[in-house]
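So the protein sequences, as listed, match chains G and L. Note that this note's numbering gives residue -8 to position 2 of the first sequence, counting from 1, and the numbers run on in steps of one. Each number in this note's numbering comes from the position in the second sequence (counting from 1) with 4 added on.
Calculated directly from the structure, the hints in this document are not laboratory data. Note that the structure is predicted; figures quoted are calculated from it, not measured. Wrong hints could be hidden among the right ones.
To be verified - Here are the simulated distance ranges between beta carbons:
#	chain 1	residue 1	chain 2	residue 2	range
1	L	Asp26	G	Gly217	23 to 31 Å
2	L	Leu101	G	Val239	22 to 30 Å
3	G	Leu60	L	Asp99	46 to 54 Å
4	L	Asp99	G	Gly66	49 to 57 Å
5	L	Leu101	G	Ile(-3)	27 to 35 Å
6	G	Phe53	L	His16	55 to 63 Å
7	L	Glu80	G	Leu244	40 to 48 Å
8	G	Leu5	L	Gly149	41 to 49 Å
9	L	Gly197	G	Phe27	47 to 55 Å
10	G	Val15	L	Asn14	33 to 41 Å
11	L	Phe19	G	Gln34	34 to 42 Å
12	L	Gln34	G	Arg(-1)	42 to 50 Å
Said to hold, decoys possible - Simulated crosslink set (SDA-like; lysine to any residue; CA at most 20 Å straight-line):
#	chain 1	residue 1	chain 2	residue 2
13	L	Lys83	G	Tyr128
14	G	Lys212	L	Val50
15	L	Lys71	G	Ser124
16	L	Lys224	L	Leu56
17	L	Lys71	L	Glu172
18	G	Lys212	L	Asp7
19	G	Lys182	G	Gly171
To be verified - Some chain L residues near chain G, calculated using beta-carbon distances under 10 Å:
#	residue
20	Lys53
21	Leu56
22	Ile58
23	Gly95
24	Ala96
25	Phe98
26	Gly110
27	Gly114
28	Lys118
29	Arg159
30	Phe169
31	Asp171
32	Thr175
33	Pro179
34	Thr181
35	Trp227
By construction, the Cβ of each residue, glycine as well, lies at the ideal position given by its N, Cα and C atoms.
Below, each chain spelled out in residue letters.
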Amino acid sequence: MTFFAIIGRVVLALLAEIGRLALFVWQAVSHIIRPPFFWRLIAQQVMRIGYFSLPVVALTAFFTGGALALQIYYGGNEFNSESIVASIVALGITRELGPVLGGLMVAGRVSAAIAAELGTMRVTEQIDALTTLSTNPYKYLVVPRVVAAVVTLPILVFFADIIGIMGGFVVGTSTLDFNAGVYIKNTADFLKFDDVMSGLIKAGVFGFIIAVMGCFHGFHSKGGAQGVGRATTNAVVSASILILAANYVMTSLLFAN
Amino acid sequence: MSDAKIELRNVHKRFGSKVVLDGINLTVPQGQSLVVIGGSGTGKSVMIKCVLGIIRPDRGEIFVDGKNVLKMDQSEREKSLRKFGMLFQGGALFDSLSVWENVAFGLIQGRRMKRMAAKDIAIEKLAKVGLGPEVGELYPAELSGGMQKRVGLARAIAVDPEIIFFDEPTTGLDPITADVINQLIVDRVKELGATTLSITHDMASVRKIADRVAMIYKGKIIWEGPREKIDQSGNDYVDQFIHGRAEGPIGMDVLKP
Chain G
-9 MTFFAIIGRV
1 VLALLAEIGR
11 LALFVWQAVS
21 HIIRPPFFWR
31 LIAQQVMRIG
41 YFSLPVVALT
51 AFFTGGALAL
61 QIYYGGNEFN
71 SESIVASIVA
81 LGITRELGPV
91 LGGLMVAGRV
101 SAAIAAELGT
111 MRVTEQIDAL
121 TTLSTNPYKY
131 LVVPRVVAAV
141 VTLPILVFFA
151 DIIGIMGGFV
161 VGTSTLDFNA
171 GVYIKNTADF
181 LKFDDVMSGL
191 IKAGVFGFII
201 AVMGCFHGFH
211 SKGGAQGVGR
221 ATTNAVVSAS
231 ILILAANYVM
241 TSLLFAN
Chain L
5 MSDAKIELRN
15 VHKRFGSKVV
25 LDGINLTVPQ
35 GQSLVVIGGS
45 GTGKSVMIKC
55 VLGIIRPDRG
65 EIFVDGKNVL
75 KMDQSEREKS
85 LRKFGMLFQG
95 GALFDSLSVW
105 ENVAFGLIQG
115 RRMKRMAAKD
125 IAIEKLAKVG
135 LGPEVGELYP
145 AELSGGMQKR
155 VGLARAIAVD
165 PEIIFFDEPT
175 TGLDPITADV
185 INQLIVDRVK
195 ELGATTLSIT
205 HDMASVRKIA
215 DRVAMIYKGK
225 IIWEGPREKI
235 DQSGNDYVDQ
245 FIHGRAEGPI
255 GMDVLKP
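Chain G on its own, in the form it takes in the complex (with noise of 0.2 Å):
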């Protein structure tokens, strides 16, 4: 019996956490598309999320090239190799890893310091006192995150992309002895708008996942301290879980044709 207890209660409070989460995510969008917009707010948090994500994003993106341009190197062909390289490497940045190395590298930085932020906010009732002061906390609080981090992410893999392949770029030409000339005009000749595109929607998409987790896990963080490490904890893991999810559920439903 008591095993089955377990399980019960497992799913409950799962289904519980759902629901809260449908909420939460509700109350967000709603508020997102209703005035008063706090424009200084998304200001400063588009700074905070998109521009200081630069630093981590890029230097990511650069090593993920050069090493992806290694690995196609090896094991790949190297009869043809100047042109596989160059192609795989500008497929597998926008298509996948710049998005998704992006997104989990701002999952870390961002989720964590908002979920520890406002999670802080919460235990020492500053969350309340906006509610006392005539303010909605959704709008004052998460409705800014979001619309940042959706806006800043496309444009934050935008740049990945660009180092990431100037990553594989300099790893070919240099140790590889590709021609440089013609590693970019291959690069060009395969990459496609429709690639840099749909790695640019699910950065949109994991910039909202990343926020709203940060939020969700922080607005619900309680008992001191340790209640703002778990709530931490929880918006960093859960926020790279369900980029990875999203991603593969994107990539089947972008490249079904």
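Fit chain L to the supplied structure of chain G, relying on the hints for placement.
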């Protein structure tokens, strides 16, 4: 009662299996100061948060100016919240904003006032709690506990509210600072003609700021009367509480963690 500013009727709230409010009936007449006393964990804070709409009670009715706040939609509720000011136990100052921005928050965000006009009012309100304009430029983390309470009070009175809630206004302060805060509360409330509902377990505070006193125990109001009657309440629970005795009808079950 026709002059009731706030009225709670049979309010119930439980978290899981823990009953926190078990049928609260309480009336605060216009312009009066009601102080609710009771031990830690007896539901005092939850009661105030129910009136503010931060927590939704399971059952019962709450009237503010004769209107049932639980039946209001979101925009009506936000409008009704403009009547309120609240001083939180830990201050709940926004640590990302300077002191004057904290005080002016309700004016700028809630009432869409221009920043410079709101700053003038903020500095005026800071003066009313005995703080100079130079304090306005500091951040909450740079202030002592007593100063944070003063800033919290200035923020609570900034929008000239009709109703003010005080959540343990003197907790964590030395007796002299506590008395200064109590005196400020009495003066500012009298000046505004506001109706106040306070919760505390500091008897010095009760004797200074209360017109009427109510005692909450196990989620129910067990005694209510004017401040002068508190020493002759004839209620063993109240006697035990105001004299701070470990022995009495309030058993160890509430004192154990």
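### Hint status (Cβ of Thr181 (chain L) to nearest Cβ of chain G, threshold 10 Å)
This interface hint is violated because 20 Å lies over the 10 Å limit.
### Message
Next item in the hint list is Thr175 (chain L). Is there a CB on chain G closer than 10 Å to its CB?
### Response
violated (13 Å)
### Task
Have a go at the Ile58 (chain L) hint: is there a Cβ in chain G nearer than 10 Å to its own Cβ?
Cβ of Ile58 (chain L) sits 5 Å from chain G, so the hint holds.
### Query
Is the distance from the Cβ of Asp26 (chain L) to the Cβ of Gly217 (chain G) consistent with 23 to 31 Å?
holds (27 Å)
### Query
Using the C-beta atoms of Val15 (chain G) and Asn14 (chain L), is the stated range 33 to 41 Å upheld?
holds (34 Å)
### Task
Return the status of the interface hint for Gly110 (chain L): holds when the least beta-carbon distance to chain G is below 10 Å, violated otherwise.
holds (4 Å)
### Message
Please verify whether Lys212 (chain G) and Asp7 (chain L) have alpha carbons no more than 20 Å apart.
### Response
violated (38 Å)
### Query
Is the hinted pair Lys224 (chain L) and Leu56 (chain L) satisfied, with a Cα-Cα distance of at most 20 Å?
holds (19 Å)
#### Entry: Hint check, Arg159 (chain L) versus chain G [nearest Cβ-Cβ separation less than 10 Å]
Because about 7 Å separates Arg159 (chain L) from the closest Cβ in chain G, which is inside the 10 Å limit, the hint holds.
### Query
Is 55 to 63 Å right for how far apart the beta carbons of Phe53 (chain G) and His16 (chain L) are?
Because 59 Å falls inside the window, the suggested range holds.
### Query
Has the given pair, Lys83 (chain L) with Tyr128 (chain G), been kept, meaning a C-alpha gap of at most 20 Å?
Since the Cα atoms of Lys83 (chain L) and Tyr128 (chain G) sit roughly 17 Å apart, the hinted pair holds (cutoff 20 Å).
### Query
Per the hint of 46 to 54 Å, is the separation of the Cβ atoms of Leu60 (chain G) and Asp99 (chain L) within bounds?
At roughly 47 Å between Cβ atoms, Asp99 (chain L) and Leu60 (chain G) fall inside 46 to 54 Å, so the hint holds.
Violated hints, in rising order: 2, 5, 9, 17, 18, 28, 32, 33, 34, 35; the structure is consistent with all others.
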